[in-house]
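Residue numbers (full-length UniProt numbering), protein chains in the order written: chain R, 1 to 453; chain W, 1 to 453.
Keep in mind the hints are simulated off the structure, nothing from the lab.
Check the hints yourself; a few may be wrong.
Identical copies look the same in the list; a pair holds intra-copy or inter-copy alike.
Said to hold, decoys possible - Simulated crosslink set (DSS-like; lysine-lysine; CA at most 30 Å straight-line):
| # | residue 1 | residue 2 |
| --- | --- | --- |
| 1 | 412 | 447 |
| 2 | 167 | 8 |
| 3 | 312 | 37 |
| 4 | 448 | 418 |
| 5 | 80 | 106 |
| 6 | 77 | 106 |
| 7 | 274 | 319 |
| 8 | 193 | 8 |
| 9 | 312 | 274 |
| 10 | 94 | 412 |
| 11 | 253 | 196 |
| 12 | 319 | 37 |
| 13 | 193 | 253 |
| 14 | 8 | 253 |
| 15 | 319 | 390 |
| 16 | 412 | 106 |
| 17 | 106 | 130 |
| 18 | 423 | 447 |
| 19 | 253 | 198 |
| 20 | 196 | 130 |
Number of protein chains: 2
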Amino acid sequence: MGETRRVKIMDTTMRDGHQSLLATRMRTEHMLPIAEKVEQVGFHAVEIWGGATFDSCMRFLNEDPWERLRTVRRHFKNSKLQMLLRGQNVVGYKHYADDVLEEFIKRTVDNGLDIFRIFDALNDTRNMEKAIEFVKREGAHAQGTVVYTISPVHDYDFYMRTGAELKEMGVDSLCLKDMAGILAPQPAYDIIKGWKEKLGIMVQLHCHYTSGMASMTYLKAVEAGVDVLDCAISTMALQSSQPSIESMVAALKDTPYDTGLDLELLSEIAEYFKEVRTHYAEFDNASCSPDTNVLTYQIPGGMISNFINQLKEQNALDKLPQVLAEVPRVREDFGYPPLVTPSSQIVGSQAALNVLLGDRYRIATDEVKNYMRGYYGRPPAPVNEEARKKIIGDEEPITCRPADLIEPELPKAREECKDYMEKEEDIVSVALFPQVAPNFLKERKKKKEANQQ
Amino acid sequence: MGETRRVKIMDTTMRDGHQSLLATRMRTEHMLPIAEKVEQVGFHAVEIWGGATFDSCMRFLNEDPWERLRTVRRHFKNSKLQMLLRGQNVVGYKHYADDVLEEFIKRTVDNGLDIFRIFDALNDTRNMEKAIEFVKREGAHAQGTVVYTISPVHDYDFYMRTGAELKEMGVDSLCLKDMAGILAPQPAYDIIKGWKEKLGIMVQLHCHYTSGMASMTYLKAVEAGVDVLDCAISTMALQSSQPSIESMVAALKDTPYDTGLDLELLSEIAEYFKEVRTHYAEFDNASCSPDTNVLTYQIPGGMISNFINQLKEQNALDKLPQVLAEVPRVREDFGYPPLVTPSSQIVGSQAALNVLLGDRYRIATDEVKNYMRGYYGRPPAPVNEEARKKIIGDEEPITCRPADLIEPELPKAREECKDYMEKEEDIVSVALFPQVAPNFLKERKKKKEANQQ
Ligand SMILES: [Co+2]
Ligand SMILES: [Co+2]
Numbered sequence: 001m002g003e004t005r006r007v008k009i010m011d012t013t014m015r016d017g018h019q020s021l022l023a024t025r026m027r028t029e030h031m032l033p034i035a036e037k038v039e040q041v042g043f044h045a046v047e048i049w050g051g052a053t054f055d056s057c058m059r060f061l062n063e064d065p066w067e068r069l070r071t072v073r074r075h076f077k078n079s080k081l082q083m084l085l086r087g088q089n090v091v092g093y094k095h096y097a098d099d100v101l102e103e104f105i106k107r108t109v110d111n112g113l114d115i116f117r118i119f120d121a122l123n124d125t126r127n128m129e130k131a132i133e134f135v136k137r138e139g140a141h142a143q144g145t146v147v148y149t150i151s152p153v154h155d156y157d158f159y160m161r162t163g164a165e166l167k168e169m170g171v172d173s174l175c176l177k178d179m180a181g182i183l184a185p186q187p188a189y190d191i192i193k194g195w196k197e198k199l200g201i202m203v204q205l206h207c208h209y210t211s212g213m214a215s216m217t218y219l220k221a222v223e224a225g226v227d228v229l230d231c232a233i234s235t236m237a238l239q240s241s242q243p244s245i246e247s248m249v250a251a252l253k254d255t256p257y258d259t260g261l262d263l264e265l266l267s268e269i270a271e272y273f274k275e276v277r278t279h280y281a282e283f284d285n286a287s288c289s290p291d292t293n294v295l296t297y298q299i300p301g302g303m304i305s306n307f308i309n310q311l312k313e314q315n316a317l318d319k320l321p322q323v324l325a326e327v328p329r330v331r332e333d334f335g336y337p338p339l340v341t342p343s344s345q346i347v348g349s350q351a352a353l354n355v356l357l358g359d360r361y362r363i364a365t366d367e368v369k370n371y372m373r374g375y376y377g378r379p380p381a382p383v384n385e386e387a388r389k390k391i392i393g394d395e396e397p398i399t400c401r402p403a404d405l406i407e408p409e410l411p412k413a414r415e416e417c418k419d420y421m422e423k424e425e426d427i428v429s430v431a432l433f434p435q436v437a438p439n440f441l442k443e444r445k446k447k448k449e450a451n452q453q
Numbered sequence: 001m002g003e004t005r006r007v008k009i010m011d012t013t014m015r016d017g018h019q020s021l022l023a024t025r026m027r028t029e030h031m032l033p034i035a036e037k038v039e040q041v042g043f044h045a046v047e048i049w050g051g052a053t054f055d056s057c058m059r060f061l062n063e064d065p066w067e068r069l070r071t072v073r074r075h076f077k078n079s080k081l082q083m084l085l086r087g088q089n090v091v092g093y094k095h096y097a098d099d100v101l102e103e104f105i106k107r108t109v110d111n112g113l114d115i116f117r118i119f120d121a122l123n124d125t126r127n128m129e130k131a132i133e134f135v136k137r138e139g140a141h142a143q144g145t146v147v148y149t150i151s152p153v154h155d156y157d158f159y160m161r162t163g164a165e166l167k168e169m170g171v172d173s174l175c176l177k178d179m180a181g182i183l184a185p186q187p188a189y190d191i192i193k194g195w196k197e198k199l200g201i202m203v204q205l206h207c208h209y210t211s212g213m214a215s216m217t218y219l220k221a222v223e224a225g226v227d228v229l230d231c232a233i234s235t236m237a238l239q240s241s242q243p244s245i246e247s248m249v250a251a252l253k254d255t256p257y258d259t260g261l262d263l264e265l266l267s268e269i270a271e272y273f274k275e276v277r278t279h280y281a282e283f284d285n286a287s288c289s290p291d292t293n294v295l296t297y298q299i300p301g302g303m304i305s306n307f308i309n310q311l312k313e314q315n316a317l318d319k320l321p322q323v324l325a326e327v328p329r330v331r332e333d334f335g336y337p338p339l340v341t342p343s344s345q346i347v348g349s350q351a352a353l354n355v356l357l358g359d360r361y362r363i364a365t366d367e368v369k370n371y372m373r374g375y376y377g378r379p380p381a382p383v384n385e386e387a388r389k390k391i392i393g394d395e396e397p398i399t400c401r402p403a404d405l406i407e408p409e410l411p412k413a414r415e416e417c418k419d420y421m422e423k424e425e426d427i428v429s430v431a432l433f434p435q436v437a438p439n440f441l442k443e444r445k446k447k448k449e450a451n452q453q
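Let the hints inform the model, and build the full structure from the sequences given.
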């Protein structure tokens, strides 16, 4: 440890923290009372929007996600606010037309968001390119993301190459994103050191604590030159969430990387969220232990629970070991996609089908067919030709950016919601979630009318 | 990371793991079925005895601690078995005569224990000297321990000096013991590197996860040259227990420090203890979050809960901040003892008394008086003279090793238990726990007689 270089922290408590621990259920009312204290800490940024929260607001909480953004923005006077944007999937689970993406980003910047973290499940940079362009055009900070995964094609060069591609596309910073908790200290050190030395760009690291390695990985990332670490407040940290802010602050104290953050102030915030968390006990994951299945099988914990449920329904729980063994096989056939939404579901359900039918790829889900057609983008490696033939026969996969084939979607959404929309943002909500947003917005209108009578 | 040097792991699950997480309640029957698998892993050692387990066996579990040792030894054919010995306190909470210590060690070695970790709460090496001598004489491995704490007198030189003193006394290895979870990565690196370079001795590191720093601390210890890390199986790790074995194994995999341990085998053991843990749910601490009070106040989590209970009883919970502020003051007056059993109780109860009475040291507990008399050993720094005068007046403190003043205790214990003892070890149990052991042994005899009729 030679030079002095303060490490910065992004607080994920109000987005990924509760998305990971409390099934994305935290309500805006529980964020506002603590905003002033959080602002005093001096975080690099506060993550408060995007990922699954947009959907969850309307689907489960009867909250307007746009209102959340506005209200939180009002309460955070100076902090940078950050969100997670799923590239061309925006905040949904499929590819949307460019007009939806563009309008989403414009409205989001208008409502006060500062930093967009943009990722694609396949690390297909074409699926991030428009998002980066629109964010830059709006004058906001575009953070390009490389999703971390382990495979024969995801070697050091892959991370260097993809980081360089994103820099070429104009991103303001890079994020290495380890949603599964499988990034070990040494590869993190190598990748981040490589990015810092070769690209000279600001680098942020995002890990989940799932396997219990993340704080060690952060420490080596710090030594490699990382600029920002994603952490959650202690009482909303660990398990499937991020490393704890306070533990990182204490670990780096009096080193050249000292964050300078105030542990006493942080402990007040921790106390606050400890109480908040009790309101969501029904969604809270009970286990305190690291989920080391992720290390043994390199399969995210959530996928394994899905398998168990699925196999129980079929009265075939004894087949779990075969299904777990089938996952890496399917993943290889599919060109080694990272196991993150939506590819984890695509790979997982096919692996289960293969084992249950005893016949590989005889039946494939629609998502798997679309994956083979190239509708999710370019897989990291070429798919297995034989598998593709079994799944889509002689159909020719597309080779362009998937969204190039999608017609503009806003006009239809505008038409759909003309009777109950209140603001332009509502159109974006409807375009993104046509099954969920209309009902939510109609109910909202009904309630207002009832109140006025 | 240059040279290749495998790091070894000691498994603490069956001693410190359940002592920390399950109030020391794990029964022998839950250790035996997994012994064979644990043995296959290839740990440096398995910690299975000592600390609070001896007392707990008789007090809560109606188990003979000696029988536990014998039975566990039978089930572990090749593994080294380790225990925690509280120096002259043996496995109790006060100083015992040398004859008790000697007989305890002799019987323990006879029953198959391999490695004795020997510590003293004040790091007074005189309180460890006889234990080291007896362990060496029995041909077992004597590990000298330095308890980690933070104070103006506990600087780098202190750790080097105390390590050297222990080496001089003939220990086979050194342990740096961080019971409070306050050892940050950088000081761990410095101390362990210092010991390795200056003393060239085998070094083991023991941390608790309480503040969430321990895995990071372990990682830097590895880089500094540590030989053995204390870890618990994932399902009995983190919180107030040790770092998780699997997380450390995965973090070091494919590095020059690769442990070589098998993650699949470990995951079977983890599954086993996951189930075992459910049997002790009533003793299980519910919080999964790092306890960062330990970082803010450098006061172990357990002390703070004690304060809260104590102050509630006095209807004075509003005085908690003053009590927390009084602790460092008292600790300074007392010559900076590490806050570990029994000094944490001594300092803590006096701090609470001082605040409640509004008059520092007007009343002192018996333990505090004995502390000032030197009956616990030599404090790390001279005590505050004024404080001592208030507490014991003109009484002259002793300057010798406290146990030098204690008459042999075995004869009385032998006499006491002559009617119900079954083996020589019972005398040691009675000498150590005269309030608990006799009842336990009498009940045992009654039951046996009832069974024979
Ligand atoms: Co995340
Ligand atoms: Co311990």
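Hints, verified against the model:
1. In this assembly of identical chains, residue 412 and residue 447 lie within 30 Å of each other by CA distance solely inside one copy; the values are 25 Å within and 83 Å between copies.
2. Within a single copy, residue 167 and residue 8 get their C-alpha atoms as close as 21 Å, which meets the 30 Å cut-off; across copies the closest is 42 Å, which misses it.
3. For the homomeric pair residue 312 and residue 37, the shortest alpha-carbon distance between copies (28 Å) is at most 30 Å, but the shortest distance inside one copy (46 Å) is not.
4. In this assembly of identical chains, residue 448 and residue 418 lie within 30 Å of each other by CA distance solely inside one copy; the values are 16 Å within and 86 Å between copies.
5. In this assembly of identical chains, residue 80 and residue 106 lie within 30 Å of each other by CA distance solely inside one copy; the values are 17 Å within and 65 Å between copies.
6. When the C-alpha separation of residue 77 and residue 106 is checked against a cutoff of 30 Å, the pair qualifies only within one copy, where the shortest distance is 20 Å, while the shortest distance between copies is 69 Å.
7. Taking the shortest Cα distances, residue 274 and residue 319 sit within 30 Å of each other only across copies (22 Å), while inside one copy they are farther apart (40 Å).
8. In this homomeric assembly, residue 193 and residue 8 come within 30 Å of each other (Cα to Cα) both inside a single copy, at 17 Å, and across copies, at 28 Å.
9. Only between protomers do residue 312 and residue 274 lie at most 30 Å apart by alpha-carbon distance; the minimum there is 21 Å, versus 35 Å within a single protomer.
10. In this assembly of identical chains, residue 94 and residue 412 lie within 30 Å of each other by CA distance solely inside one copy; the values are 17 Å within and 80 Å between copies.
11. Taking the shortest Cα distances, residue 253 and residue 196 sit within 30 Å of each other both inside one copy (23 Å) and across copies (24 Å).
12. With identical chains, the CA atoms of residue 319 and residue 37 are at most 30 Å apart between copies only, with a shortest distance of 24 Å across copies and 50 Å within one.
13. Taking the closest pair of Cα atoms, residue 193 and residue 253 come within 30 Å of each other both inside a single copy (22 Å) and across two copies (20 Å).
14. Within a single copy, residue 8 and residue 253 get their C-alpha atoms as close as 13 Å, and across copies as close as 28 Å, so both meet the 30 Å cut-off.
15. Taking the shortest alpha-carbon separations for residue 319 and residue 390, only the intra-copy value of 23 Å comes in at or below 30 Å, while the best inter-copy value is 73 Å.
16. Taking the shortest alpha-carbon separations for residue 412 and residue 106, only the intra-copy value of 19 Å comes in at or below 30 Å, while the best inter-copy value is 86 Å.
17. Taking the shortest alpha-carbon separations for residue 106 and residue 130, only the intra-copy value of 13 Å comes in at or below 30 Å, while the best inter-copy value is 75 Å.
18. For a Cα distance limit of 30 Å, the shortest separation of residue 423 from residue 447 inside one copy, 17 Å, qualifies, whereas the shortest one across copies, 80 Å, does not.
19. In this assembly of identical chains, residue 253 and residue 198 lie within 30 Å of each other by CA distance both inside one copy and across copies; the values are 29 Å within and 26 Å between.
20. In this assembly of identical chains, residue 196 and residue 130 lie within 30 Å of each other by CA distance solely inside one copy; the values are 25 Å within and 55 Å between copies.
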